[in-house]
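As you go down the protein sequences, you meet chains V and B in turn. Counting along the first sequence from 1, when you hit position 201 you're at 201 in the numbering used here, and nothing is skipped either side. Counting along the second sequence from 1, when you hit position 4 you're at 4 in the numbering used here, and nothing is skipped either side.
Hints listed in this document are in silico derivations from the structure and should not be mistaken for laboratory results. Just so you know, not all the hints are guaranteed correct.
[Stated by the list, open to error] Facing chain V, from chain B, some residues (calculated, C-beta under 10 Å):
{"hint": "1", "residue": "10"}
{"hint": "2", "residue": "29"}
{"hint": "3", "residue": "32"}
{"hint": "4", "residue": "51"}
{"hint": "5", "residue": "86"}
{"hint": "6", "residue": "130"}
{"hint": "7", "residue": "134"}
{"hint": "8", "residue": "136"}
{"hint": "9", "residue": "137"}
[As the list claims (entries may be wrong)] Below, a list of computed lysine-lysine pairs in the DSS-like style, where the Cα atoms sit at most 25 Å apart:
{"hint": "10", "chain 1": "V", "residue 1": "253", "chain 2": "B", "residue 2": "115"}
{"hint": "11", "chain 1": "B", "residue 1": "57", "chain 2": "B", "residue 2": "115"}
{"hint": "12", "chain 1": "V", "residue 1": "266", "chain 2": "B", "residue 2": "115"}
{"hint": "13", "chain 1": "V", "residue 1": "164", "chain 2": "B", "residue 2": "115"}
{"hint": "14", "chain 1": "V", "residue 1": "164", "chain 2": "V", "residue 2": "207"}
{"hint": "15", "chain 1": "B", "residue 1": "123", "chain 2": "B", "residue 2": "57"}
{"hint": "16", "chain 1": "V", "residue 1": "207", "chain 2": "V", "residue 2": "253"}
{"hint": "17", "chain 1": "V", "residue 1": "266", "chain 2": "V", "residue 2": "253"}
{"hint": "18", "chain 1": "V", "residue 1": "27", "chain 2": "B", "residue 2": "123"}
{"hint": "19", "chain 1": "B", "residue 1": "123", "chain 2": "V", "residue 2": "266"}
{"hint": "20", "chain 1": "V", "residue 1": "266", "chain 2": "V", "residue 2": "27"}
[Stated by the list, open to error] Chain B residues, not near chain V, derived (Cβ > 10 Å throughout):
{"hint": "21", "residue": "43"}
{"hint": "22", "residue": "76"}
{"hint": "23", "residue": "79"}
{"hint": "24", "residue": "102"}
{"hint": "25", "residue": "116"}
{"hint": "26", "residue": "135"}
The C-beta atom is built at its ideal place from N, Cα and C for all residues, glycine as well.
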Amino acid sequence: MSIDSIYGLVLAGGASTRMQRDKAALKYQGETQLDRAVEALSRYLHRVYVSVRADQTSDPTRARWPQIVDSVPGSGPIVGIRSAFAAHPNVSWFVLACDLPFFSQAFINPLIRARDAEGFATSLATAYRSAHDGLPEPLCAIWEPSAARALEDYQAAGGHCPRKFLIRHGAHLLDLPDPRALDNVNTPEEYAQAVATLDDSAPMQLKIQYYALMREQAGRSEETLQTSAATPADLYTELAARYGFTLSREQLKVAVNSEFSDWSRKLAANDAVVFIPPVAGG
Amino acid sequence: MNFRFTQTAIDTESARRGLQDLGSGGYASFEGWVRDHNEGREVTGLEYEAFQELAVKEGERIVAEALRRFAVKHALCIHRVGSLGLGEMAVWVGVSSAHRGEAFDACRFIIDEVKHRLPIWKKEHYRDGDSGWVNCERCAAEPQHAHAAHPHRVAATRGEPV
């Protein structure tokens, strides 16, 4: 199979009731969740659509992307998935919810590989196994054309939960590499927490200057690097591993932006950091 | 500006003149020189390296503390960086004040604090061809030695060890 036969579908038709704000428009690291999701899928898939309700087509967050408008009755994610199959019956759909801030492109390829190797031939869908309850994660999954008819029947019988659907029909499952990767965000509190977590772990650019013994051991007097180190202490651990510094952190002081600093200070983008080995002036 | 670095020989005469004041009855200075031995090894020369941006700020703070604490009139510290040969002057401190006692005390305070607090490093070159960063190499070999525990000797007069 080639990935040309898989299209992306980002589900953005939800009501965001508990959040009381449009979840697709929530921003993380300066970008809306919808844009993050579409852009991640677009790195691997040639065609990616946003699933919207009929009254959302001109919404500014959604209008910039190709859309698939709900074309079957009812509400909920199954309607979005069925509408995608109605529009393109012969392709498989990588379905992705737009309230998964910790999802990244790293989780796309494993799913495609598992689907190509086995899922496509054996199941209606290939999905991650939830790290929390072992059940399938239907909204980060590849759905096969053979699911369309079964979904229609399931909905006609009053079913509306895609997870229960996959449990009943048996999806091809694989383990999630990062347990929190598909944690979703439903309330303002969860949103605030997710923003803080992502900001903390976001790589940022720092400038490091090296002097004396540190300069000789690092083999350079300065560098600019991308790091996820949150504090000077974390940064020293990272750089000591890279350069094999012989001094332990307890023997050093540290300066940030040309002032002495605490080792636990929270670093900000473009901070200039200097590790200060034992001094010997005079 | 009460603290500065220089790449070239310290001009003590002009530095001293800058401290002169008709209200001062006393002047004390300290000079640190490159010595030909350290910890039992024969030294042939030194290199001083400094994180100048921070060292100048911290050096200014040290002199400001001395001016306040000892109520002296003027104080100045100049530190060399780069390569120095034996006998060359590495650091100079000068203080002028109404009376000699405060001048001596402030001078001693400044050189002690400079040695402890400023991000300045000294690499010694030895007769046997080896070299090492003072206070760093031995610490690295024996990490149980906190560097603050190393003795810091201060010369009070010309000719004593720096």
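- Mind checking the CB of residue 10(B) against every CB in chain V and telling me if the closest is under 10 Å? violated (13 Å)
- Item | Given hint residue 253(V) paired with residue 266(V) - CA-CA distance at most 25 Å | holds (16 Å)
- Query: Regarding the hint that residue 134(B) lies at the interface with chain V, is the smallest CB-CB distance below 10 Å?
  - Reply: Interface hint status for residue 134(B): holds (4 Å vs cutoff 10 Å).
- Query: Hey, residue 164(V) versus residue 115(B), does the alpha-carbon distance stay inside 25 Å?
  - Reply: violated (71 Å)
- Message: Run the distance test for residue 123(B) versus residue 266(V): straight-line Cα separation, threshold 25 Å.
- Response: violated (33 Å)
- Task: Find the nearest Cβ of chain V to the Cβ of residue 102(B) and say whether that gap is larger than 10 Å.
- Result: For residue 102(B), whose nearest Cβ neighbour in chain V is about 21 Å away, the distance exceeds 10 Å, so it holds.
- Query: Beyond 10 Å from every Cβ of chain V: is that where the Cβ of residue 79(B) lies?
  - Reply: Given that some Cβ of chain V is not farther than 10 Å from that of residue 79(B), nearest at about 6 Å, it is violated.
- Message: Does residue 137(B) hold up as a contact with chain V if the rule is Cβ-Cβ below 10 Å?
- Response: Check passed: Cβ of residue 137(B) comes within 7 Å of chain V, closer than 10 Å.
- Quickly compare the C-alpha distance for residue 253(V) and residue 115(B) to 25 Å and report which way the hint goes. Since the Cα atoms of residue 253(V) and residue 115(B) sit roughly 15 Å apart, the hinted pair holds (cutoff 25 Å).
- Restraint check, 10 Å cut-off on beta carbons, for residue 136(B) near chain V: At about 4 Å, which falls below the 10 Å cut-off, the nearest Cβ of chain V leaves the hint on residue 136(B) intact, so it holds.
- Message: Quick check on the hint: residue 130(B) CB to chain V CB, less than 10 Å?
- Response: This hint is violated: residue 130(B) lies away from chain V, its Cβ roughly 14 Å from the closest one there, beyond 10 Å.
- Item | Proposed proximity, residue 115(B) with residue 57(B) (alpha carbon, max 25 Å) | holds (15 Å)
In summary, the numbered hints that this structure violates are 1, 2, 5, 6, 12, 13, 14, 18, 19, 23, 25 and 26.
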